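Enquirer: Chain by chain, the residues run as shown.
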Amino acid sequence: MMERSDIAALYNQILDEFVVHPPEKPEDYWIRMTSGTTTGRPFLTIWQKKSAAAWPHAAGMRRFIVAYGLLATRMSNVLSFRNNPENEGALVLPLDAGALNPSVERLLDDFAPDSFYAIPSFATRISDHMSEQSRSSVHTLGFSGEPISKTLRDLFLSRFPKARQVITFATSETGVITGFPCDHLSPNQYHPREGVVIEVDEPDERGIGYLLISKDLLFGKRMERYRIGDMARIVPETCPCGQALTFEVFGRAGYDYIKVAGAILRREEFDRVASECAVLFDDYYAEAEAVVIDGKLKGKIVLTVYRANGVASVEEIAKEFSARVYLTASQTLEQLAEQEVFLPLTVIVSAMPLVRDGKAKKLSLRT
Amino acid sequence: MNTPTDNTGRLEQLVTFARESPFSDFYRNKWRGEKAFERLPHSSRADFLAVPLSHRRYKKEKGMVKIVGTGEQAFLSEWSFSDIGREPYAPHSMRPFVYLTDPYEAVEKSLWCYENGMMPLVGEKDSDMAIFAAGRYQIDSLIVDEQSLAKFAPFFSTLRTPLASISVIGSAFSPNTLMSFERYAQSIRLVLALPETGAFAEAPLSRVPKFTPLPRCHVEHDSEIVLTKIARYPTPIIRYKTGIRTTPAEDGPSFSLAA
Ligand SMILES: [Zn+2]
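Those protein sequences? They're chains Z and G, same order as listed. Residue 5 is where the first sequence starts when you use this note's numbering, and the numbers rise one by one after that. Residue 306 is where the second sequence starts when you use this note's numbering, and the numbers rise one by one after that.
None of these hints come from the bench; they were simulated from the model. Predicted model only: the values in this text are computed from it and were never measured. Treat each hint with caution, since some may be false.
[Said to hold, decoys possible] Here are the simulated lysine to aspartate or glutamate pairs, DMTMM-like style, with alpha carbons at most 25 Å apart:
(1) Lys53/Z <-> Asp330/G
(2) Lys263/Z <-> Glu241/Z
(3) Lys364/G <-> Asp118/Z
(4) Lys166/Z <-> Asp205/Z
[Unchecked claim] Examples of chain G residues toward chain Z, derived with CB under 7 Å:
(5) Ile372
(6) Leu381
(7) Ser385
(8) Phe386
(9) Gly390
(10) Gly422
(11) Leu426
(12) Ala438
[Stated by the list, open to error] In silico contact screen, one side only, chain G against chain Z (beta carbon under 7 Å); selected entries:
(13) Phe342
(14) Arg344
(15) His347
(16) Lys367
(17) Gly368
(18) Glu377
(19) Ala411
(20) Met424
(21) Val427
A virtual CB, placed ideally from N, CA and C, is assigned to each residue, including glycine.
All chains should be built: construct the whole structure from the sequences, respecting the hints.
Expert: If you want it as structure tokens, here you go:
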């Protein structure tokens, strides 16, 4: 079994190999940096673009918007689009979040997109700036990067009534590990991509355990049973489409971080703020979800606290916690609530000590 | 006026292409009946703002669309991948690093690398991330704007051998500031460019950079640079007012930027 440090070493070897023996066609490759984590530094990963193979549906994408936060991810999608021989004459717009103000509507109408690949929270913000007519000509929505709940799927269905929702699962260390989606699958269920082996390690009584990924990388290197840090189960039934294997992803193991409404909630950060608020409560867990209010997607956090001695003040905890906890690099929950990106923090006081099932979860996503 | 004559034939062909296009009325409407190149009315950003991209597309090739400018002043600019590849943004290198403030320019210049057989690393906004990634990739050249170069400066303290080249892309330059980077690259080249026109002049870095128009670029000096690119872009650039003020040289086609 491989852990992150093994994977980092593998990718470092691949990078060194690439530098010493550059491939004949460097334009078929792309490079990006993984995010750093609490347990390790970032590293560079190199991928080969197998063009059309990964994009069986791309022929119909004539006006394509790519909207991911990282430039490298935008670039990767633009490169796939460029390398695809099936889309002569088509155009791609790698949309930046900085452009999302009311005046972008005329530009989006002018571009007239028929397809998007985006993180879901970015896609909802784009759709806020599209006319109804523009939205109705979108036939494909591709999502990855954040878990997608039924609420979100329904929101997209109402905004883009003609769009098929294509959901893929990818991480910066493994690349895309899911194949072309099939309509028989529930949200967060996938078939593996060709060449990717999926296993679940240490399953509990419901079959949920650590997701392990095996796949070939460049220069003869292989990722072997890499524990990517997400929990999953293998769905026992065979899919009506004939695919032998289906797996379902349940979010991060150990709940180090979760993504919701374009923000990243980090357990480390929640623990830091909880320790600053030690006079107010002794223990906590937080649940986050994306909710739709008046047609707009917002983040919602429910903080459940327990205080062994004395009375816990809901108002004071909500105020102190919101003002201190950072959900983006520069913005606190209080600021995001003022901008109506998040709802104000909901605090619930538990009369009993907090009991959690299994893996000491402090931060989780409601789907 | 400084109008080299060797472009005349190609300029006429370009004008005919735009005037007779079955795809767009953009220039036809602007020029009315005028036929002589030097009397064609100037075009400018105001025209690109007033006419949606869908009404000023002279060809339909696979490519990318950028948003140029912000807010009410923003417009779409379309570039075919092969047109991007033909722009002379930088010399060839093995491991170029693209670090630009404008996210559309960053994607476009990365595509430029791909079109020219290089795998670029694109730098993210966060400069710590960018510097870390550039070091790991052992970059040998840099495609950058002045603002990003300043953010990237800490990288150079870790550099063992100078980069092959730094290409600074922009519409204005501070040569004195840039001179402080001189020892970090074998050559530093200033590339005069706008997002909607691509590159049109270059100069080696010096205290008073002397710009030379790039091939396929017809530069007129009429208190500002009026640019014609002899290329069939999705929206051709014909007598386009760049807003860039210059001081033409006494002789020859070179010029310096007005202070
Ligand atoms: Zn299926």
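Enquirer: Looking back at the hints listed earlier, which ones does the structure fail to meet?
Expert: 1, 2, 4, 7, 9, 13, 14, 15
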